[in-house]
Structure formats: C-alpha cells, structure tokens
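A.B. asks: Build out the structure end to end from the sequences listed, making use of the hints.
Protein sequences appear in the order of chains A and B. First residue of the first sequence? That's 1 in the numbering used here, and the numbers climb one at a time after it. First residue of the second sequence? That's 1 in the numbering used here, and the numbers climb one at a time after it.
The hints are simulated quantities; they were obtained by calculation from the structure and are not laboratory data. Careful: at least some of the hints might be erroneous.
Claimed, not checked - Label-pair ranges, simulated between beta-carbon atoms: (1) A:R289 <-> B:E150: 51 to 61 Å; (2) B:A393 <-> A:E74: 26 to 36 Å; (3) A:I240 <-> B:G22: 24 to 34 Å; (4) B:G13 <-> A:G251: 24 to 34 Å; (5) A:S217 <-> B:A248: 49 to 59 Å; (6) B:I5 <-> A:G251: 20 to 30 Å; (7) B:A393 <-> A:A113: 28 to 38 Å; (8) A:R72 <-> B:E74: 29 to 39 Å; (9) B:R20 <-> A:W256: 15 to 25 Å; (10) A:E74 <-> B:E74: 29 to 39 Å; (11) A:Y103 <-> B:S78: 20 to 30 Å.
Claimed, not checked - What the simulated footprint calls covered on chain A by chain B, stretch by stretch (three residues with Cβ under 8 Å from a Cβ of chain B suffice, anywhere in the stretch; the number is not a length): (12) 130-138; (13) 155-165.
Because the structure is a prediction, the values reported are computed rather than measured. Where a beta carbon is used, it is the ideal one built from N, C-alpha and C, also for glycine.
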Amino acid sequence: MPKPVPEPSRRPLIAVGLGGIAAAGLIGAAAWKLWRRAEPADPGKAAERGLRAGAAILSLAVLLDSGIEHYRGEFKNPAMFVAPTLALATLGMTAVEDEAAPYVFSAALAVGAAGVGFHSYNIGKRAGGFDMLNLFYAAPLGAPAALSLAGLFGLAAEHPGIAAPARIAPVAALALLGTAAEAGLLHFRGAFQNPFMFAPVTLPPLAAAVTAASSVSPEAAQVARPLLLGTALLGIAGPIFHSYGIHRNMGGWHNWSQMILQGPPLPAPPAFLGIALAALGLLPALERRG
Amino acid sequence: MFDAIDQPRAQDGRAPDVFRPGAWVQMRCYDDSEQVDFAIVGTGAGGGTLAAKLAEAGFSVVAFDAGPFWRPLEDFASDEAAQGDLYWTDERISGGADPIQLGSNNSGRGVGGSTVHYTMIALRWRPDWFKSRSKLGYGRDWPLSFEELEPYYEEAEESLKISGPVRYPWGKRRKRYPYREHPVNASGLVLARGCERIGIDWSPLPLATLSAPRGMAHPCVYRGFCKYGCSTNAKQSVLVTFVPRAIAAGAEIRDLAMVGRIEMGKDGRATGVSYNRRGKWRQQKARHVVVAGYAIETPRLLLNSACPEFPDGLANDNGLVGTHLMTHSGPGVWGVLDEEIRSYKAPPCMAGTEHWNYSDEGKDFHGGYAFMSQGPLPTDWAQTLAARGLWGAALRQEMTRYNHTAGLVLVGETEPQAHNRVELADEKDQYGLRIPRVTFSYSENDRRLIEHGRKSMHQVLAAGGAHQLWDTHDTSHLMGGCRMGDDPKDSVVDADGRTWAIPNLWVCDGSLFPNSGGVNPSLTIQALACRIGDRIAEMAKRGELDR
Chain A
1 MPKPVPEPSR
11 RPLIAVGLGG
21 IAAAGLIGAA
31 AWKLWRRAEP
41 ADPGKAAERG
51 LRAGAAILSL
61 AVLLDSGIEH
71 YRGEFKNPAM
81 FVAPTLALAT
91 LGMTAVEDEA
101 APYVFSAALA
111 VGAAGVGFHS
121 YNIGKRAGGF
131 DMLNLFYAAP
141 LGAPAALSLA
151 GLFGLAAEHP
161 GIAAPARIAP
171 VAALALLGTA
181 AEAGLLHFRG
191 AFQNPFMFAP
201 VTLPPLAAAV
211 TAASSVSPEA
221 AQVARPLLLG
231 TALLGIAGPI
241 FHSYGIHRNM
251 GGWHNWSQMI
261 LQGPPLPAPP
271 AFLGIALAAL
281 GLLPALERRG
Chain B
1 MFDAIDQPRA
11 QDGRAPDVFR
21 PGAWVQMRCY
31 DDSEQVDFAI
41 VGTGAGGGTL
51 AAKLAEAGFS
61 VVAFDAGPFW
71 RPLEDFASDE
81 AAQGDLYWTD
91 ERISGGADPI
101 QLGSNNSGRG
111 VGGSTVHYTM
121 IALRWRPDWF
131 KSRSKLGYGR
141 DWPLSFEELE
151 PYYEEAEESL
161 KISGPVRYPW
171 GKRRKRYPYR
181 EHPVNASGLV
191 LARGCERIGI
201 DWSPLPLATL
211 SAPRGMAHPC
221 VYRGFCKYGC
231 STNAKQSVLV
241 TFVPRAIAAG
251 AEIRDLAMVG
261 RIEMGKDGRA
271 TGVSYNRRGK
281 WRQQKARHVV
291 VAGYAIETPR
301 LLLNSACPEF
311 PDGLANDNGL
321 VGTHLMTHSG
331 PGVWGVLDEE
341 IRSYKAPPCM
351 AGTEHWNYSD
361 EGKDFHGGYA
371 FMSQGPLPTD
381 WAQTLAARGL
391 WGAALRQEMT
401 RYNHTAGLVL
411 VGETEPQAHN
421 RVELADEKDQ
431 YGLRIPRVTF
441 SYSENDRRLI
451 EHGRKSMHQV
461 LAAGGAHQLW
471 DTHDTSHLMG
481 GCRMGDDPKD
491 SVVDADGRTW
501 AIPNLWVCDG
511 SLFPNSGGVN
521 PSLTIQALAC
531 RIGDRIAEMA
541 KRGELDR
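C.D. replies: Now the structure itself:
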C-alpha cells in the first residue's frame, strides 16, 4: 500500500505572517531613515544612497515573493526557508548600520546564486527538462538572482572604493535585462493578453542599454535618467496592474487567499524599482566623469 | 438549474447573460411565420458555431436546441449526479456486436451541445487523414484537403483562445496557439515520464480552457469538473463563445425547442421546421435548413422527415443516411503509484501522445490512435471500479487508492462500415417521434488497433512508475452518418455540407465525417462549421445560394 501522506502543515502560514509583520516594520524604519537624509551633494554619497535603497527594495521584493511562492510550495524542502529569511536579514542590514552587514550581504550574494542552482535542478529533473512548460511553471530560473543582486548592491554601497559606479552600472544594466527577460517569459505565459504587459519588456531593456553605455559615456548618463525614472515607475505601477490581474481571476479579491497565489505575482515588479533606484544613484558620479 | 429545464429562458426579446448571474442580454426574436434565412437544428460545436458565422455574415438565423439555456455561473453545481441533465438521455435502442452506450460522454442536450461538458481537447486532424484512402490505403478520402481546412482550424482555435503548447511535436508546422499551455497535473506527468522512458514524444494537450483572462471569462482554476459543466466560464464551450456572438449579431437561440420534422414543399425544397416548445407543435419558416444534431439525431431527423417526395427520408436517395457511423474506441488502463497523484485535480486530460497517429511503423492495423492521461471524479471512479466486478469491502478497499491512481485513455480510430448505422425504431418518444436504433460492431482492424493501443498504454503507464495495472473499455465520440463526399452516389452531402438531393438543406456537425481519425473531433467540427459559414456567405454573394 502507498505510504500515508501527512496533512499539510500550518507552518508556512505562521512563517509568512511573521515575515509580513516584520517586513512592514522594517519598511517603515527604512523609509524613515531615507526620508531623514537630505539630497546628498556628493556623488559618492548619492551612489551609496541609491545602492542601499536598491538593495532594500530588492530584498523586500524577494522576501515577499519567495515567501509567497515557497508558501505555495508548502515549504516542502526546509531549504525553502533560507531565501525569505536571508532576504529579511538583508532588508534589515540596509536599514541599520551594523557590523554584520557585509557578512549578511555576502551570504545573500551566495544564497541567490545557490538558489539559481536549486531552481535549475528542479526544472531539469522534471519530465520535459528545460522545455517551455517547466520554464513557465516550475521554480523560476532567474528569481533567486534578485537576492544576489540585493547582496551585491549592499556590498557596493559599503565599499565605494572597490565598487566604483562605472563598474556597477553594467551590473545594474544586466540585472535590468534579466528582470525584463523574466517578465517577458511570464507575460508570454499570459499571452500578453493585456497590452500593458508589453511595458516591462520594452522600457527596461532600453534603460539597460543606456545605463551600460553610461559607464563609458557621460552623455549617455544624462539620457539614462528619464529612462531609469520610467523603469522605477514601472516597478511601482506593476503591483497595481497585478492587483488588477488578481481581480480578473476567478473570485478576484474576494478570493484573495487563492488568487494571490494563482494570479500575477504582486511583489515581482518592484525589482525594477530597486534596480532603477540603484542605477539612478550611480548617475551623478557617471555624469561627472566627463 | 431546474427552472431551465421547465421553462424556456431565451424568449421575449432576451436571453440569459452567461457571464453575469441573473442578467440578460437582448436577443432579436423572429415570428414563426417570418421566413428567416436559416433555421439551424442544434446549437453545439456545429450548429452554434455556424449560427454565429451566418448571423455575422448578415443572415437572419434561428437556432433550435432541444435542451435548456444554462447559466454556467449559477447552474453548474459541483455535483456529478446533478450534472446528468447535460446529457441526451431520451430513449434509444443500441445494438450490434459491440453496442455503444449512449447518452453521456457522446451526447449533449442544451445550448452549446456537448461542448458544455467536453474535455476541451482541441487537436487537429493528421493532414493525411483527409486523403486516407489515397495516401494511407484505408477508410475514405474527404472532399477537402487539410490545406483547405487549415485556415479554419486557425479561426476556430483563435475563437476559443486555445491554450496550447509552444511547440507541438506532431503535424504540420503551425501558428502559435492563442494562449499558452496549462501546467500539467500529476497524472499527466505520469504519462510524460512513461513516454520519455520508452522514447516517444508526449505533449501538454491544447485545451479550450483559458490560461489567461479573456473578457468576462476568468482563467481556469483547475477545479476538475470539466467532464460536466464549467461553473467558472474558463471552458470555452460554444455556450460562452459562439452563442453570445450569434446573439449579438442578431441570431435567435430557441431553447427547449425540439425539432421533430423538416417541412418540405412540393418543389422538393425545404420550407422550414416543425418544433415542439412547451408541449405545442409550431412551425418556423426558413429559406434554408441546417441540421446540426450530431451523429444520431441528425440522421434521425432526416429519416423522420420522410414525405411523399422523399419516402425513405430526406437526402437519402442512395440509402446512405445514418450509415457508416463511427465511434472512438476508448480502452483505459489504470495503475497505482507510490506517490500521491490526485488525478481529479485540473482538467481530466492534460497530457497525451499522438505518436501512433503520426508513426505508422510496426502497426498490424490501419489507422491511428492517441492516448491521454485521465482524471475521473469520485462517482465516476467508483463506477469504474464497480464495473470491474468489485463490490462491498473489496470495492471500498480499492476506492481508498483513489489519490494514488493514474489512468490513460485511448482515442482510437474506427473504420467506416456501412452496417454500423442509425435507423428508426418503431417505438416513439415523448414527442411522438420514432426513436433511433443504433447498431455498432468493431471490425477486425478496429480490434487489432484496440489491442495495440492497450499494449502501448500498459507500456507507458508501467514505465511511468505505475504497478498493478488493470483495464477498462469504453467508447467516446460519434462521427459519420451523413458523410460528405465528391460523388452524389457515394455521399449524403458535398464539401460544403449541402445535401446533394435538396439544395436548401444542409448538414453541419460530426455526422459529416467520412473517417474518424484518432483525435477528439470537436475542433474539426468547428473548423468545418467556420468553413461552411464562409462558403455560404460567398455563395450568397455570387447568387448561387438559392439555386
């Protein structure tokens, strides 16, 4: 006879609930801190602020996204707790000055990379391997990279000497491309049924190209600003569009506990905001190089 | 749901709004004495689709259905027994060496026809099947080529927003499906694993249920009640696609209206139909009559409409009406897996293989078959087990394996044979109409195909990790009975569905099929309906319609 399967546990619900409350508190603290700071005149300070804000938003997005998606996966593998936990820690380190910060950021960098490995393994072992079905519906290949990016931005904010803006700009550009690719894949899965679904696959790649060029050309840095502002705006508009997407699913928000999982992911688009803020912070330094 | 059965809903200038609970849409209504361009008998894959096409082309259309006009959001309960009302369960006589069990999966009664409870598999015909006699050496050629029907396959797929795989392994290179494939459930993955282990292709199936929002319809929530009515409108049945289109374009849908007879004039042309609504016989005048009642009711109506000019039934000068009835053989193989499967989650058939439709190597039979994963609901499952002879404690014991069982089901081609047919019995139904007698026997070739299919399914299921395999047998779709052809002596209708004998009498449903193919027929029926709609509009433009 087949082995009996235990009832699904409530463990995930507790984890997500606690994570949510902690996240809300930390967002408040981070926002307060950022708001208190005046617009820095020093380009180095601007870069640090941008990278820190970018790391904060990326880690918040990863916290919520991996929290919700791993909850959907019933935290079947205990390793699924690692991503949201570390994202929470990374978020914390962006808000407070702490000696542990470099270690946490480095851990985020490593765990994000390991996550890509885990997700690849998950896809590869399924029937069909790396076919569209599994790229659509199995563990998302690119998502864990956002945690790496949060760690990297955090480290870069702390070590302006090593991570000069001209070196970070291409990384941010690559990150924008990767995020646009993921949005493209998932919007393709949704058959681009709403024309707005084309937005994240058009503007961010353009912003990415110009941001990459900014590392060698100060003129490009000036062009990059409006494009990056637009990309940041997409990161804010995304969750609003996705809330509408949830509404268009069976039962909509009346059936939120199911449709937040089945509908478009609310915390995914802010990744654009995080990367764009980091890149915007780099611009004053890049513009001045000329 | 009961008021829909007792009282017509589509009348007095309005019809149910299938997308909003309790709401109505305006519907143009015609008087019986008003001669409409087209009276269509049946509103399923053939009739409902054609009604939209003709109304949109500017014709006045009244489409009749013997069954109710359901409101999917309100009427379709999550209750298998209650959903029996979706079937055509009027009395029929079924005989032959292999009598077909009539009345559930091969019938539909209600606006939208059997698409209301079909499993939504939307596959195209293998191109060679249109010329199976000349290219493959069996069956019959169609009076159409795949290339002629291809744009209409595309039109039907677009109209239903078919959610299909990005790459489909078989058939001619095709345009991308309008929507993407659905995630495959665990029983589909058992088939996938099995196919990969024995080295044949598999694919997520293209399905007529939404994987993304579409207007007022939500994406599929994988409720799993697809073999019954879909209460979420994700299923793109004719009831929620072509029927609303038809009504918006000015067609009238007449529910609970059983057409009993096609009225003929002295000039040998149809003049309209007699139908029974609310217990009264009435007559609707029409310039053209289209019969779309599927493989049993279409021949039955033609035969029941015999008159002095056509004593053997309409369009039956050559005696072919009702003959060459085909079904799909549907043996099933089941097995137990160690892991949890819960095959009842999501649409029942999510993955399949058409390997033996497209590869003719090593076959000891003509024809092809596909097989799919399946996912019976509890009552269906219990009945399947009881049919194995299990009862009492043994049945209960076996039922506990529900969550760990996976099954495969065949869609096997059968040969067109003249003696497999629909005739009229002497018994009469509640309307006083002679009931159909259906005779069916498999050919030797059909039996070899079934045996081959059974072995393949065993192989795949075992390779997929299942053990303690066991078999069932069933049949599914019906086809043929008014076959289309190039030669008036050898067919009932031409390639446009127009009967050879009566120029203003048409057929538009699965009874047109000259052979049965090894895939579910609905998409081909809808492609034919789209084509017939366009052809009629073209003929009207050229003044050839009222010849």
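A.B. asks: Which hint numbers does the structure go against, in order from smallest to largest?
C.D. replies: Hints 7, 11, 13 are the ones this structure does not satisfy, whereas the remaining hints hold.
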